[in-house]
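One letter stands for each residue in the lines below.
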Amino acid sequence: MSALPEFLGTKNGQRATVGGVLLVAALFPLAFDSLATQLDVAIFVLAYVMMALGLNIVVGFAGLLDLGYVAFYAIGAYTIGWLASDHFTGVGGDEGIHVAASNFVSSIPGIHLNFFLVLIAAMIIAAVLGAFIGLPTLRLRGDYIAIVTLAFGEIIGRIALNGDEITFGDYQLTNGQQAISPVDQPYLPGADYEFDSAFNLRPYYWAGLILLCFTLFVNFRLRDSRLGRAWIALREDEVAAASMGVPLVRTKLLAYAAGAALGGIAGGFLGSYNNAINSNQFQFSFSIFVLAMVILGGMGSIWGVTAGAVALAVIDRYLIPEVLDDLPSSFGLDFQLTQLSFGIFGFLLVLIMVLRPEGLFPERRRKIELTEGVGTDESVFEVKA
Amino acid sequence: MNAPTVPWSQRPAVVGVRAFFGRFGLVLTLLVLPVVYGIQDLSEDGDLSRLGNNLMDGLSNGAIWALIALGYTLVYGIIELINFAHGEVFMIGSFVAASFWGTLGLTLTTGLPGLVIGLLATLIVAMLTCASLNVMIERVAYRPLRNAPKLAPLITAVGFSFILQNVGILWRGGSQQGVDNLIRQEEEVFQLVGVIISRGDLLAIGVTVPLVFVVTSFIARSRLGKAMRATAQDPEAARLMGINVDQTISLTFLLGGLLAGAAGLVYALYQTNVWFFQGFTAGLIAFTAAVMGGIGNLRGAVLGGLIIGCIQQISDNRIGGEWTPVIVFGYLILIMTFRPRGLLGEQTREAG
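Respectively, the protein sequence lines represent chains Y and G. The numbers in our numbering rise by one with no breaks, and the one at position 49 of the first sequence is 49. One rule links them: number in our numbering = place in the second sequence (from 1) + 1000.
Just so you know, these hints were derived from the structure itself, not from any lab. Just so you know, these numbers come straight off a predicted model, no measurement behind them. All residues carry an ideal CB built from backbone N, CA and C; glycine is no exception. Among the hints, a few may not be true.
[Said to hold, decoys possible] Quick list of simulated restraints, FRET-style, between CB atoms:
| no. | chain 1 | residue 1 | chain 2 | residue 2 | range |
| --- | --- | --- | --- | --- | --- |
| 1 | G | F1338 | Y | Q178 | 45 to 55 Å |
| 2 | Y | R356 | G | Q1247 | 41 to 51 Å |
| 3 | G | S1132 | Y | Q339 | 18 to 28 Å |
| 4 | Y | I124 | G | L1202 | 54 to 64 Å |
| 5 | Y | E322 | G | L1202 | 45 to 55 Å |
| 6 | Y | F132 | G | P1113 | 55 to 65 Å |
| 7 | G | Q1247 | Y | A16 | 53 to 63 Å |
| 8 | G | V1189 | Y | E322 | 14 to 24 Å |
| 9 | G | Q1177 | Y | V24 | 32 to 42 Å |
[Unchecked claim] Quick look at which bits of chain Y chain G covers, simulated, 3 or more residues with Cβ under 8 Å:
| no. | stretch |
| --- | --- |
| 10 | 73-80 |
| 11 | 84-98 |
| 12 | 153-163 |
| 13 | 244-253 |
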């Protein structure tokens, strides 16, 4: 018995654990009906984990508190809405523009790029936007960065909401609360296979799992790269990092861009799965929801953030609405638990920050910073020169 | 900042332009909206009274933002924390006020003496509730993190803001809720060159001006105010001088809460509706005001509140209320990026 924990500690043991988890994750949908609620929840979980891992690059690695992460979800989702739906009817004549689109979609006017092309577009657009949002924060520190990113997130949410007033030619920018819908389903041109969320959720799940593996891979490679070490140096002491030759501007902008790119991919995936891009999905509370995942798991710890995101996503999509929603009324209280979901996340944020600021599965280095006060010059009671 | 020793006329043009924008750029940017719409009004009918009315409404709205902005600026001045939950404390103040005057039985038919006494009592209750709430939040969510990295208390502040929003939802539901227009706020009292001064305007300004006066002179004159200023300047040294730093910080939150409670009552009477989300919007507007004035600077917060109120009112009236947040946040980003010390503030660490 004692050999097992020892084995799990070794490199091979860790590989085996990860492989096992992946295998279970890959086989998970076969245990359920092809339209089961559990599968629907699992697809959201995958998308949320991707977003949390993206935010983890900005908040966890580089230590830049981003309160406007929802902007990249919005950009990813709208990229799908613009480039893979009949939103721009009439562009490219009556036939529209089609690139590697399925037979069914090819008969519909508008712009229809293949899902995977759109994901790449979403990634690029989000990365550019991320760097753009990062620009004004370069000279700022700490909490001012948080507020500037929050303001950008709100501006983008507002533009999405009022986008039906912004028109160019006959086209509205976003359709506002009317939503851009329907959106093309993913299509594999080589295999001539089109996803269909009305009949089978499994392909979506597997596509999400592949995207998540890609996100995890990117996260690990970035963390262990020269750039990743630069981020950590920046987080611990900006001045020291700069004097050691870390280029501040490029390093910070790359953190924003990388985080945003992953958010864009997740947003595109989720937009396609939702089959409707509605402006009311992009609210400040969502940014905080994703931030709560990162903090719960442990800022900077990739597996921790993954676990935190899975936990919160399951709580948000499954436990609260499906299982516990009637709990208050069984105590004779007149409300549904879903009304409280964001209060619950707010409570979690406070609780974790006060009791265990390093998160549930902390990264060793970050834990030392948070609990033993490395970089105490950032703390409230600094002695000013 | 050294005063320029070279006369303007002898300096290269580029440096002159840069210095000019460095000094007056923010003022010029703030003047864009009123000037544009003033010219538009003048060219259309030669009458500036519409703009005048916008500005008047803006000032009374701005008076409410100023009260909230003072809370932000006080707290930031002393512990360098953006008290994100402050807007929600203000929202709770509105809710308490509306409920308490209902309990007192104030209705549209209440006579003047009853109304005045009732509203004064409501004001006190709202102020005290918000003050104790604010102090409680500091104890629970900020004090344990005093020595943690600066972002930790900001995160708990955001968390608390969500908790309070949910309290608001449970209390009065998720949509805007009308309250009795007790003072018939839109009724005209008098006119000044075409600008209508309503009861609501008088109320907002009549509550704000004395409160601001009392708070500023408390901080400037009293012993406790002196302790606050000392703590803001250097907490360690203040502690060595025998000042109870924890108590002083609590006092700061108490003051902020008192002002937020007053703002809550005025808001409920002025807007005649309350909802759980008002605190989030108001909080960000007021924070913009505090930053605009120069965070940590009391006069700056009041000035910023009044200016942002005018901008918001012009934007509501001319561009459309749904775009107002974009304009306000646009200003917030511009100011934080190009002039983090605001109109009246001093150089801060954030300015780099």
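Okay, the hints, checked on the actual structure:
no., hint, verdict
1, G:F1338 x Y:Q178: 45 to 55 Å, "37 Å, violated"
2, Y:R356 x G:Q1247: 41 to 51 Å, "28 Å, violated"
3, G:S1132 x Y:Q339: 18 to 28 Å, "26 Å, holds"
4, Y:I124 x G:L1202: 54 to 64 Å, "56 Å, holds"
5, Y:E322 x G:L1202: 45 to 55 Å, "53 Å, holds"
6, Y:F132 x G:P1113: 55 to 65 Å, "59 Å, holds"
7, G:Q1247 x Y:A16: 53 to 63 Å, "57 Å, holds"
8, G:V1189 x Y:E322: 14 to 24 Å, "56 Å, violated"
9, G:Q1177 x Y:V24: 32 to 42 Å, "49 Å, violated"
10, 73-80, "violated (count 0)"
11, 84-98, "violated (count 0)"
12, 153-163, "holds (count 6)"
13, 244-253, "violated (count 0)"
In the structure shown, a violation is registered for the earlier hints numbered 1, 2, 8, 9, 10, 11 and 13, in ascending order.
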